[in-house]
Amino acid sequence: MPLPAILRTSVFRLTILYVVLFGISAAGLGGFIYLTTVGYLQRQTDEVIETEISVLREEFERAQDPLRPTVALNRLREMINNRGSQVQQLGDEWFYYMLVDRNTRKVAGNLEIWPEAEVNDGWIEFDVEAADGQMVPVRASILPLIIQLSALNGPRPTTLSVEETGDRLLVGREIRELSAINQRFIRALTLGLGLTLLVAFAGGLALAISAQRHVVEMSRTTRKIIAGDLSQRLPVIGHDEHAELAKSVNSMLDQIEHLMGGLRHVGDSIAHDLRGPLTRLRTRLEALAAEPAPTRQSVDECLTQADGVLATFNALLRIARVESGAYRKAFANVDLGPIAADVAELYEATAEENLVEIRKRITDNSVVFGDRELLAQALTNLIDNALKYTPVGGHIDLEVKRSDDRIIVVVADSGPGIPAEARERVLQRFARLDESRSKPGNGLGLALVRAVCDQHDGKLVLSDNAPGLRVTMTLPAAR
Amino acid sequence: MLPGSRWPGPGTSELRVLIIEDDRDVSAYVRQGLTQAGWNVDVADDGRQGLLLATTEKYDALVVDRMLPHVEGLTLIRTLRASDNTTPALILSALGEVDDRVKGLQAGGDDYLVKPFAFSELLARLEALVRRAKTAGNLNETTLSLADLEVDLLKREVRRGSQLIDLQPREFQLLEFLLRHQGQVVTRTMLLEGVWNYHFDPQTNVIDVHISRLRGKIDKGFDKPLLHTVRGAGYRLSA
Chain S
436 MPLPAILRTS
446 VFRLTILYVV
456 LFGISAAGLG
466 GFIYLTTVGY
476 LQRQTDEVIE
486 TEISVLREEF
496 ERAQDPLRPT
506 VALNRLREMI
516 NNRGSQVQQL
526 GDEWFYYMLV
536 DRNTRKVAGN
546 LEIWPEAEVN
556 DGWIEFDVEA
566 ADGQMVPVRA
576 SILPLIIQLS
586 ALNGPRPTTL
596 SVEETGDRLL
606 VGREIRELSA
616 INQRFIRALT
626 LGLGLTLLVA
636 FAGGLALAIS
646 AQRHVVEMSR
656 TTRKIIAGDL
666 SQRLPVIGHD
676 EHAELAKSVN
686 SMLDQIEHLM
696 GGLRHVGDSI
706 AHDLRGPLTR
716 LRTRLEALAA
726 EPAPTRQSVD
736 ECLTQADGVL
746 ATFNALLRIA
756 RVESGAYRKA
766 FANVDLGPIA
776 ADVAELYEAT
786 AEENLVEIRK
796 RITDNSVVFG
806 DRELLAQALT
816 NLIDNALKYT
826 PVGGHIDLEV
836 KRSDDRIIVV
846 VADSGPGIPA
856 EARERVLQRF
866 ARLDESRSKP
876 GNGLGLALVR
886 AVCDQHDGKL
896 VLSDNAPGLR
906 VTMTLPAAR
Chain D
1074 MLPGSRWPGP
1084 GTSELRVLII
1094 EDDRDVSAYV
1104 RQGLTQAGWN
1114 VDVADDGRQG
1124 LLLATTEKYD
1134 ALVVDRMLPH
1144 VEGLTLIRTL
1154 RASDNTTPAL
1164 ILSALGEVDD
1174 RVKGLQAGGD
1184 DYLVKPFAFS
1194 ELLARLEALV
1204 RRAKTAGNLN
1214 ETTLSLADLE
1224 VDLLKREVRR
1234 GSQLIDLQPR
1244 EFQLLEFLLR
1254 HQGQVVTRTM
1264 LLEGVWNYHF
1274 DPQTNVIDVH
1284 ISRLRGKIDK
1294 GFDKPLLHTV
1304 RGAGYRLSA
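Respectively, the protein sequence lines represent chains S and D.
Converting from the first sequence to this note's numbering requires adding 435 to each position, the first position being numbered 1.
Converting from the second sequence to this note's numbering requires adding 1073 to each position, the first position being numbered 1.
With the rest of the complex left out, here is chain S (with noise of 0.2 Å):
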């Protein structure tokens, strides 16, 4: 795999921030265990020193006579003398001690040469060949030696002066143990901190990887959906927000691909069905076209013919458009009593002219949860269609009313009606009965009223009105 295209990646990043927080903490709490046992091990070591030059010290003071200021440094000869020699045992770990004076050079002890290390803040570190031949690590204080004199010009002291000497006492102590532990402590947390950064480097790998995995194939999905296949869904992995988020694209998806299926129907039904009308109308403008003269009558005709294929296109849209669900979101408290009148009213002129009568049975008060203008064109439809069939003389039967909690509309004509066995098909888009062929209109306005009342969750009823047919809409009645 190309390296610069992983650096880019958030695998990459997440892992490194992984490592960082990882080192930072395990260096942290390493340095804090160093320093309160390492540590404390050093203090104790320092004490011990620490003592031993406070007892030197102390009993270097008491020796001091002014008058013979080298008493004192006598008597603290004699000691480092006697305790250098000495096998001064304390777990192991021997003593040092070395006296110089100012030039340096050796008055007693147990060293033989002045370590050269750097004196930091009274305290040195060097390395010294012990009695068995190794070189062995020593940690030791410098004490300067202060010598009090008196004025010597008298018979009696009286005034003390303080003089620094120049000589210098050492005392130091094998560190061996100590250096060993300090060693084992740094080598151990070193690895333990390697192993951690790598521990780190491979859990956050994994991590940022298992997270990635899931938004590399969302991505090879969605790739497959643009391609066309919109059958495709997000795998939805765990119960975390990934799953989450695959879950509302999937239930997107699924709105997308119901759209998409009632477009394609629409497209197709269009290219089916208005396919006929549309070779119908070429045809004849072809004829036209022939003529030498074409007349008015033959071009309007055409007209005619061209707003009849528009009149089902946009009907055809229109039942899409309501199917979709697209009127739903302003819907609204509407009654259909006046509605219902109101569509009445545009039609009975009409009607009176066909010597047909339009008998209203209407409630007010009959409120639904809608769409004024659908139910309205639904209604216009189903009385619209009721007119066509209705032979002079009959009468169309428009009632309204309330049941409980559903509001009954009923639109019925003493027409031929619909053989039982064909109710069915006629709420299909272009389903016409052959024997109505005659008619105009475009065969879309049952299943229109079908879409609306869909829309409007309610129920739609094609029965015999013994004679005729007879359109019974339920809807819920508004709460």
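There's no promise every hint is true.
[Claimed, not checked] The following label-pair restraints were derived from C-beta to C-beta distances:
{"id": "1", "chain 1": "D", "residue 1": "1156", "chain 2": "S", "residue 2": "907", "range": "50 to 58 Å"}
{"id": "2", "chain 1": "S", "residue 1": "717", "chain 2": "D", "residue 2": "1234", "range": "48 to 56 Å"}
{"id": "3", "chain 1": "D", "residue 1": "1102", "chain 2": "S", "residue 2": "768", "range": "41 to 49 Å"}
{"id": "4", "chain 1": "S", "residue 1": "914", "chain 2": "D", "residue 2": "1130", "range": "51 to 59 Å"}
{"id": "5", "chain 1": "D", "residue 1": "1089", "chain 2": "S", "residue 2": "790", "range": "48 to 56 Å"}
{"id": "6", "chain 1": "S", "residue 1": "768", "chain 2": "D", "residue 2": "1115", "range": "46 to 54 Å"}
{"id": "7", "chain 1": "D", "residue 1": "1102", "chain 2": "S", "residue 2": "725", "range": "18 to 26 Å"}
{"id": "8", "chain 1": "D", "residue 1": "1130", "chain 2": "S", "residue 2": "739", "range": "34 to 42 Å"}
{"id": "9", "chain 1": "S", "residue 1": "914", "chain 2": "D", "residue 2": "1089", "range": "32 to 40 Å"}
{"id": "10", "chain 1": "S", "residue 1": "721", "chain 2": "D", "residue 2": "1115", "range": "36 to 44 Å"}
Note that these hints are calculated values from the structure, not bench results.
Beta carbons are placed, not taken as given, at the ideal position from N, Cα and C, and that holds for glycine.
Based on the hints, put chain D in the right spot on chain S.
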């Protein structure tokens, strides 16, 4: 022959209209028809050019397509309205659903016509728009009249000459709408929208019957008919 040539232009003073439409076939068709009807027509092919012309020239009406290159139709109208340009605008669109229509009117459009449309419909609506803009403020009048026809909107009384005419409520509304658009061609769709508030076309032509009833009441028995049928387009109330 275009339907637009079948009735005279809107008057002696020439009206200016700007068509903003990127479909050259449509704009050429509309331009030809409107020119024949006596309009002075400018055409812009895209939204930017249209906006430029609409803001720099004085027009009596705009015909604005919705989906335009550079500046979208509704944005164009919104921009004009924001700069206090009140030139009446008719939106032309292939998007014909109620919410598209509402969006168009909310953006500041004055009327909305769905493609494909009959030229006569466009012309009738355009003339109604221009007239409305010119007579704005007269909506509060309490009487409308034409020749010897008088309508009292408060008492809801209709008289022709000395004779009181009894109208059904809907017939009254129909007459009021026609009087407010007197002298203009009013299409069936305009009537369905303006009088019945329906934005769909019933399959059967039910408007004709309402008109013929109204005609029976206001014209029958009088010498001079007022309510005329304009073939292939609609109706016109004029002396």
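Tested hints:
Residue 1156/D and residue 907/S have their C-beta atoms about 56 Å apart, which keeps the hinted 50 to 58 Å range intact. Distance hint for residue 717/S and residue 1234/D: a CB-CB separation of about 54 Å, consistent with the stated range 48 to 56 Å. Range check, residue 1102/D to residue 768/S: Cβ separation about 44 Å, and the 41 to 49 Å hint holds. The hinted window of 51 to 59 Å between residue 914/S and residue 1130/D holds, with their beta carbons roughly 56 Å apart.
Checked against the hint of 48 to 56 Å, the C-beta distance between residue 1089/D and residue 790/S comes to roughly 51 Å, which is consistent with it. Between residue 768/S and residue 1115/D the beta carbons are some 48 Å apart, a value that agrees with the proposed interval 46 to 54 Å. For the pair residue 1102/D and residue 725/S, the supplied restraint of 18 to 26 Å holds, since their beta-carbon distance comes to about 25 Å. Separated by about 39 Å at the C-beta atoms, residue 1130/D and residue 739/S satisfy the suggested range of 34 to 42 Å.
For residue 914/S and residue 1089/D, the Cβ-Cβ distance of about 55 Å falls outside the hinted range of 32 to 40 Å, so the restraint is violated. A hinted range of 36 to 44 Å for the beta carbons of residue 721/S and residue 1115/D is consistent with their spacing of about 37 Å.
Violated hint for the displayed structure: number 9, the only one.
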